[in-house]
Amino acid sequence: MIQLENVTKTYPKASRPSLDDVSVGIEKGEFVFFIGPSGSGKSTIIKLLLHEVAPTRGKVVVNAKDVTTLRSWKVPHFRRSIGCVFQDFRLLPNRTAYENVAFALEVIGKTKAVARRVVPEVLELVGLGGKEHRYPHELSGGEQQRVAVARAFVNRPLILLADEPTGNLDPDTSIEIMRLLDRINRTGTTVVMVTHDSNIVNQMRRRVIEIESGRIVRDQARGVYG
Amino acid sequence: MRFKYVLNEVLVGLWRNVTMTIAMVITMSVSLFMLGASVLLYMQVDQMKSYYYGEIEVSIFLRTDVTDAQRTAIDTAISSNPLVSNKTYETREEAFKRFQELWADSPDFVKSVGPDSLPESFRVKLKDPEKYKTFADQMQGMAGIQDVIDQRTLLDKVFNIFNGFQVGSLGVAAFMAVAALLLVGNTIQVAAYSKRREVAVMKLVGASNWFIQAPFVLEAVVAGVVGSVIGFGVLFLGKVVLLDHKLQALTTILTPVHNSNVFLMLPLLAGVGAVVSAVTAWVTLRFYLKV
Numbered sequence: 001m002i003q004l005e006n007v008t009k010t011y012p013k014a015s016r017p018s019l020d021d022v023s024v025g026i027e028k029g030e031f032v033f034f035i036g037p038s039g040s041g042k043s044t045i046i047k048l049l050l051h052e053v054a055p056t057r058g059k060v061v062v063n064a065k066d067v068t069t070l071r072s073w074k075v076p077h078f079r080r081s082i083g084c085v086f087q088d089f090r091l092l093p094n095r096t097a098y099e100n101v102a103f104a105l106e107v108i109g110k111t112k113a114v115a116r117r118v119v120p121e122v123l124e125l126v127g128l129g130g131k132e133h134r135y136p137h138e139l140s141g142g143e144q145q146r147v148a149v150a151r152a153f154v155n156r157p158l159i160l161l162a163d164e165p166t167g168n169l170d171p172d173t174s175i176e177i178m179r180l181l182d183r184i185n186r187t188g189t190t191v192v193m194v195t196h197d198s199n200i201v202n203q204m205r206r207r208v209i210e211i212e213s214g215r216i217v218r219d220q221a222r223g224v225y226g
Numbered sequence: 001m002r003f004k005y006v007l008n009e010v011l012v013g014l015w016r017n018v019t020m021t022i023a024m025v026i027t028m029s030v031s032l033f034m035l036g037a038s039v040l041l042y043m044q045v046d047q048m049k050s051y052y053y054g055e056i057e058v059s060i061f062l063r064t065d066v067t068d069a070q071r072t073a074i075d076t077a078i079s080s081n082p083l084v085s086n087k088t089y090e091t092r093e094e095a096f097k098r099f100q101e102l103w104a105d106s107p108d109f110v111k112s113v114g115p116d117s118l119p120e121s122f123r124v125k126l127k128d129p130e131k132y133k134t135f136a137d138q139m140q141g142m143a144g145i146q147d148v149i150d151q152r153t154l155l156d157k158v159f160n161i162f163n164g165f166q167v168g169s170l171g172v173a174a175f176m177a178v179a180a181l182l183l184v185g186n187t188i189q190v191a192a193y194s195k196r197r198e199v200a201v202m203k204l205v206g207a208s209n210w211f212i213q214a215p216f217v218l219e220a221v222v223a224g225v226v227g228s229v230i231g232f233g234v235l236f237l238g239k240v241v242l243l244d245h246k247l248q249a250l251t252t253i254l255t256p257v258h259n260s261n262v263f264l265m266l267p268l269l270a271g272v273g274a275v276v277s278a279v280t281a282w283v284t285l286r287f288y289l290k291v
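Those protein sequences? They're chains A and B, same order as listed. Each residue of the first sequence is one higher than the one before, counting from 1 in the UniProt record's numbering. Each residue of the second sequence is one higher than the one before, counting from 1 in the UniProt record's numbering.
Bear in mind the hints are in silico, worked out from the structure with no lab data behind them. A hint or two may mislead.
[Said to hold, decoys possible] Using 20 Å as the maximum straight-line C-alpha spacing, the simulated EDC-like pairs for lysine to aspartate or glutamate come out as follows:
hint	chain 1	residue 1	chain 2	residue 2
1	A	Lys110	B	Glu198
2	B	Lys203	A	Glu99
3	A	Lys112	B	Glu198
4	B	Lys203	A	Glu52
5	A	Lys110	B	Glu9
[As the list claims (entries may be wrong)] Computed beta-carbon distance windows for the label pairs:
hint	chain 1	residue 1	chain 2	residue 2	range
6	A	Trp73	B	Gly54	54 to 60 Å
7	B	Val283	A	Asp170	43 to 49 Å
8	A	Asn202	B	Trp282	47 to 53 Å
9	B	Val283	A	Pro37	37 to 43 Å
10	A	Val114	B	Val283	32 to 38 Å
11	A	Asp170	B	Trp282	44 to 50 Å
12	B	Gln189	A	Ser81	31 to 37 Å
13	B	Trp210	A	Pro37	28 to 34 Å
14	A	Trp73	B	Gly233	37 to 43 Å
[Claimed, not checked] A short, non-exhaustive set of chain B residues, derived as facing chain A with CB atoms under 7 Å:
hint	residue
15	Val10
16	Arg197
17	Met202
18	Val205
19	Gly206
20	Ser208
We put the beta carbon where it would ideally sit given N, CA and C, even for glycine.
Chain B extracted, bound-state conformation (with noise of 0.2 Å):
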């Protein structure tokens, strides 16, 4: 009977006030949806740089004029360091090879470059990415060094840009957030006065404090659930449309996004949505119904 009772009183409350509830349940997604979008972010930068920092190599290019015993000096302080995992070497014709590989579909760019303007150079893994800088400290002061470049220095411009995107989508969340917030307790205040009578003469025959606010908290609960479920599903639309099928080209750098953390941010969004309207709707019961 309770239990009846209060869910009739939460979809009667929804309905008396029902363009209150939708400007709730919307802005509530749209929170939601960004917070989503931030959090799925957070984790593909996280998978990419784990997957490609195990990929780094640190490139040591030799000065055009170096000399054979300075290339057999640094040949052996690399193969002598404890850093190194492992190191390659590339002579100037296989470095031409690769740039001609790797610019195949612009000839005119080819042609324009010798094969004699790309430097030597040595590839090293490093076994710890993280020490590029002891390991660049090291080696710079050699004789017939030209430069020593760490594509983790390429590769953070990119994360950057990524983190740039989190960091924008989280702060829009937290913005509309507040918008969301407002309106939850607006709605709970319009609900409260609208009962305003029920609830005196409840708390006059002594029903309980939950039994008198229940059916307010659930009211937002309800709309924050609602709200996230739709969130969820645009989240969801937008990773199928665009990333499986029109920018399918990025997913070759981008590392795929798994359906498996999309589907995560379901329970994830839900709970957010849930808890902070329970929360909210309590908080301005506390100021509007003093029980």
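In isolation and in its complexed conformation, chain A is listed as follows (with noise of 0.2 Å):
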């Protein structure tokens, strides 16, 4: 599903490199914790995967594209088929959440009449029943966040990319987003979580890549923080 080949990513006037011959596999249904540091070159992962940024040198294959050959403008229609949340949330403010879901549909071309099929289910996965026609200014971050989720899922992606998810949230809402990430997991969306939140690694006990200075320092199936 997702595959790194000795990838080196050094940005420009930095002295070392944030990612230094990185080699990992990821398979379809995994759910995996990048764990590390601040500036460790985990972060820099999940933009590699998103194809913001292009590898200095190795390779990155996902869903068996080959990200570092990809041309630009092919490079939206990729990232439909990955979900990606982050630690501030990035929701509309002017938009409900009913709507801020269904911008993302929106604008890669789905009708209104998908969107008013869809958008209410996925709502309700994530446990925002009731609450569609709030403004995210009206919502905890809890709540955000899962709207977040929600446009992150609402397009059934392949794989769900998670930056510092819980980053923002007390420990107990921090529990419950992961619960949430868990059943998407199960539907079959490969999960790719970059944390330094010690408490939530040591629950999952999922698999743990701990990254440092840019090199993965250990790689393990049912890990622990460490």
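Could you use the hints to bring the two separately framed chains together as a complex?
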């Protein structure tokens, strides 16, 4: 599903690479944590998978597509198979929960009729039934992140990328979001999550890949934070 | 749905920043008006040239002390010259009569000129008016000739003035165009900034590049087209008011400006306005919207 082969990424003007000769493979349906201190290069992995940045050396394969050689005009289509959740939610403040999710469908060419059918369903799935017409500022942090998850999942992507999704949430809310991601993972979606929340990693007992200074120092099938 | 979405985004975008939109439309219309005026003037001068150059004659004025033998020699030289299409001879009396008719409005001026003060002349029409110089050089040396004058040199002075106007209005058009383009660029920047969150989400979920850019580009195109329609309106109004009414007297020299030519300016200005704004908007987006 996801294949990194000897990937090195050096940002311009950086003294050392953010990722240094990293090779890792992730199977379909896996749930993987990338952990490590700030600046270890774990967020760079998300950016590589989204084709936001290109690797300096090496090969990135996502959904059997070589991202490294992907033509730039094909990137939008490629991204439709990937859902994405961030620490800061990235919701549109002037749109309701329903509209935020529907927006993601409409801008990739889905009709309003499709949105009317699919959006309530996915909002129900993330546990926001009855709160469709609330604006982000009327929702708690956990609820806002649920809207973001709904938006990432509404298109039924093969992969869900989560960049510190619990970074802005209290421990209890974090656990709820993790349960949600776990449920999505059970539908067959591959989940890749970048975090430094040890509590969550220890509770989930999933595959843990630890990165330090741009190198993989641990890859454990049912790991803990360490 | 997508069409409706894009259209709605365009209208909202233009309205959100309405003062900027108006500034954009005004500069665009002034610039395109000057461009239209310049093109019309160019077409006009071209038309006048082909009209007047066909009528042009070369005048060969003879000296007052010309002998009969010299006159006959000049006559045969003109007739046998392959460049000449036809010639007429004008005596002093005929020249004087023509002069009297021409200046009938100012009898005092006519009185001050006697029938002897005007020279006799040959009026020669050339097959190709452009060959004037060769013809003049051939004739110039002959005895009894006072002067060889081409009407073309006079007309060229008039056309130079027109050309000056044309280049001038083209310059103003270009100058205004710079202002218009900067305004388009600025408007697009502001629009892109005010929609940065939407754009970020669209990029994230994989909206196609054209779908993200289209509303911005169309915003500029709409402003460009509206500007061109206003510019054309002013141009047409100017033509009707100035040439058809106020300065009608001039049209006896000016050869009429055809309405069909003026109407031709609408698609031209609209096309230039639309394409130039679209390209400017698109280039601006390349810098401010990295998609």
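Status of each hint after checking the structure:
1. Lys110/A to Glu198/B: holds, 17 Å
2. Lys203/B to Glu99/A: Holds - the C-alpha atoms of Glu99/A and Lys203/B are around 17 Å apart, at most 20 Å.
3. Lys112/A to Glu198/B: Roughly 18 Å separates the two Cα atoms, so the pair holds.
4. Lys203/B to Glu52/A: holds, 10 Å
5. Lys110/A to Glu9/B: Status holds; Cα separation ~17 Å.
6. Trp73/A to Gly54/B: 54 to 60 Å: holds, 57 Å
7. Val283/B to Asp170/A: 43 to 49 Å: holds, 47 Å
8. Asn202/A to Trp282/B: 47 to 53 Å: holds, 51 Å
9. Val283/B to Pro37/A: 37 to 43 Å: At roughly 42 Å between Cβ atoms, Pro37/A and Val283/B fall inside 37 to 43 Å, so the hint holds.
10. Val114/A to Val283/B: 32 to 38 Å: holds, 35 Å
11. Asp170/A to Trp282/B: 44 to 50 Å: Cβ of Asp170/A to Cβ of Trp282/B: about 46 Å, so the range 44 to 50 Å holds.
12. Gln189/B to Ser81/A: 31 to 37 Å: holds, 32 Å
13. Trp210/B to Pro37/A: 28 to 34 Å: For Pro37/A against Trp210/B, whose Cβ atoms are near 41 Å apart, the range 28 to 34 Å is violated.
14. Trp73/A to Gly233/B: 37 to 43 Å: With Cβ atoms ~40 Å apart, the hint holds.
15. Val10: The hint is violated - Val10/B has no Cβ within 7 Å of chain A, the shortest such distance being about 15 Å.
16. Arg197: Holds. Min distance 6 Å.
17. Met202: holds, 5 Å
18. Val205: holds, 4 Å
19. Gly206: holds, 3 Å
20. Ser208: holds, 5 Å
Hint compliance for this structure: hints 13, 15 are not met, and every other hint is.
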